[in-house]
Amino acid sequence: MKLTLKIWRQKNTSDKGGFVTYVADHVSKDMSFLEMLDVLNDQLTERGEDPVHFDHDCREGICGMCSLYINGKPHGPLQTTTCQLHMRSFSDGETITIEPWRAKAFPVLKDLVVNRSAFDRIIQAGGYVSINTGGVPDANEIPISKTIADLAMDAAQCIGCGACVAACKNASAMLFTSAKISQLALLPQGQVERKSRAENMVAQMDEEGFGACTNTGACEAECPKGISITNIARMNREYFSAVVSSDNM
Amino acid sequence: MTWVTKTLNSTLGRKLIMALTGLFLILFLTGHVSGNMLLFKGDGGQAFNIYAKFMTTNPAVKLLSYLTYISVLGHIIYSIALSQHNKSARPVPYSTSKGSSNSAWSSRNMGVLGTIILIFLVVHLQGFWAQMHWGEVPMITYEGEEYKNLFLIVSEAFKQEWLVALYVLSMIFLGFHLSHGFASAFQTLGLNHKKYSPAIKLVGMLYCILVPALFASMPLYIHFSSY
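Chains A and B, in that order, give the protein sequences.
Note that the working numbering has the first sequence beginning at 1, numbered continuously upward.
Note that the working numbering has the second sequence beginning at 1, numbered continuously upward.
Careful: at least some of the hints might be erroneous.
Claimed, not checked - Derived Cβ-Cβ restraints for the label pairs, each shown as a range:
id, chain 1, residue 1, chain 2, residue 2, range
1, A, S245, B, K195, 55 to 61 angstroms
2, A, T95, B, G111, 30 to 36 angstroms
3, B, S88, A, P77, 28 to 34 angstroms
4, A, A221, B, A81, 41 to 47 angstroms
5, B, L67, A, S245, 46 to 52 angstroms
6, B, K41, A, Q191, 57 to 63 angstroms
7, A, D15, B, L169, 56 to 62 angstroms
8, B, L73, A, L78, 43 to 49 angstroms
9, A, A221, B, L125, 35 to 41 angstroms
10, B, Y221, A, L78, 34 to 40 angstroms
11, B, K195, A, G226, 32 to 38 angstroms
Source of the hints: derived by calculation from the structure; they are not laboratory data.
We put the CB at the ideal spot given by N, CA and C, even for glycine.
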């Protein structure tokens with residue numbers, strides 16, 4: 001395959017940045033998208049040029065480190081992570097536009113790498129259980145139904161990649177925050193801090209400068225882990241019931 | 001009461017206000033369309049004029065009308081605040097974005113649709129509502145009681161093709177606004193459940209077609225009937 005790549009290059013956060021066009025030749029359709037970029041970077045290094053910076057880690061679709069806004073969609077044309085996207089999803093001769101996630105809360109560090117620490121700070125605001133829950137309990141020891149446990153696990157699948165923010169026209173982080181609030185609100189261990197968690201995580205989400213949700217559903221459609229917007233409805237319930245009943249004035 | 005202001009200033013609080021005012025305006029539209037169905041009665045506007053007098057003099061209706069004004073203003077003010085906030089959340093736009101592949105057009109353009117509806121609302125209120133309240137409306141007597149003949153104003157107005165076209169077109173925009181707004185309001189209130197969400201979506205779809213269609217049929221009916 002021969003591809004034309006329009007890649008966003010930006011020296012650092014304060015640099016204005018812009019697109020640079022590269023030609024990638026002899027691309028195998030069985031390469032992953034990141035492997036295709038690896039090959040491009042090898043060529044750039046050999047030519048003495050600065051390789052394209054992009055985030056990646058496990059390359060197994062479970063860590064949430066890879067990103068990239070490919071041809072107008074987060075993680076490209078499939079509902080998966082970029083590392084699990086293969087070049088067979090593109091056609092020979094195609095021009096591929098690659099941009100970083102765009103959000104005020106996710107500043108570009110270099111090229112396609114954005115700083116997603118805002119998500120970490122939302123977790124730090126309440127996405128934890130601080131009571132001692134002991135060792136691994138025996139099966140069926142915790143008073144929780146299979147249905148609820150499954151819902152919590154569905155929410156816990158969020159890998160924090162930020163595709164929801166990237167996909168949302170408002171750069172809203174509500175799918176991420178709601179998944180993190182939901183997974184603990186549904187579990188018995190999460191009950192102690194349930195109210196303060198909802199209040200603090202929403203406050204931190206706003207503090208970071210993410211947009212508000214307009215229920216377009218784009219986040220859900222693009223989430224590589226299939227997190228549902230029913231979690232956003234749950235977050236709304238959690239938040240409003242917390243503000244009218246918690247001790248925080 | 002800092003917790004109240006803090007909550008209402010949060011993104012979730014602002015969304016809540018959008019949802020509550022939106023739902024109240026949906027209730028208003030339901031009442032408005034039901035009452036105006038009297039235009040189809042074919043009695044020369046008698047029932048409509050009696051109804052119009054009731055709507056401008058009854059104290060309970062007055063209270064509801066104030067709530068409607070507040071809802072309209074709240075819906076507009078908070079939508080501007082939220083739109084600006086949302087715009088600032090992405091200072092550098094994407095060069096290529098395929099929004100249509102993951103969301104409905106109306107859901108991404110509620111602000112545009114709302115602005116068009118607001119322009120219509122100004123024309124609509126200026127034409128009828130302001131006339132009824134402060135304008136020179138000819139009087140008509142039914143069974144010894146005097147009524148403002150609002151029906152005459154309405155039927156004269158809808159003799160103009162451009163106004164009829166404006167009304168019909170605006171109702172199409174209203175339909176698209178409601179097609180997202182109806183179900184979206186329930187989601188914001190946290191009401192999303194497999195038991196009733198399909199029903200909310202269905203009612204929302206029927207509502208966004210039926211109510212604007214009924215509204216649009218009124219100027220069309222008056223224009224093409226012999227009044």
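Hints versus structure:
Against the hinted window of 55 to 61 angstroms, the Cβ-Cβ separation of S245/A and K195/B comes to about 24 angstroms, which falls outside the hint. Taking 30 to 36 angstroms as the suggested C-beta distance range, the pair T95/A and G111/B conforms, at roughly 32 angstroms. Checked against the given bound of 28 to 34 angstroms, the beta carbons of S88/B and P77/A, roughly 29 angstroms apart, stay inside it. In this structure, A221/A and A81/B break the distance hint of 41 to 47 angstroms, their C-beta atoms being roughly 27 angstroms apart.
For L67/B paired with S245/A, a C-beta distance near 27 angstroms fails the hint of 46 to 52 angstroms. Remark: the range hint 57 to 63 angstroms for K41/B to Q191/A is upheld by a beta-carbon distance near 59 angstroms. Between D15/A and L169/B the C-beta distance comes to about 46 angstroms, which lies outside the given range of 56 to 62 angstroms. In this structure the supplied range 43 to 49 angstroms holds for L73/B paired with L78/A, their Cβ-Cβ distance being about 45 angstroms.
Checked against the hint of 35 to 41 angstroms, the C-beta distance between A221/A and L125/B comes to roughly 39 angstroms, which is consistent with it. For Y221/B paired with L78/A, a C-beta distance near 51 angstroms fails the hint of 34 to 40 angstroms. For K195/B paired with G226/A, a C-beta distance near 21 angstroms fails the hint of 32 to 38 angstroms.
Comparing the model with each earlier hint shows violations of hints 1, 4, 5, 7, 10 and 11; every other hint is respected.
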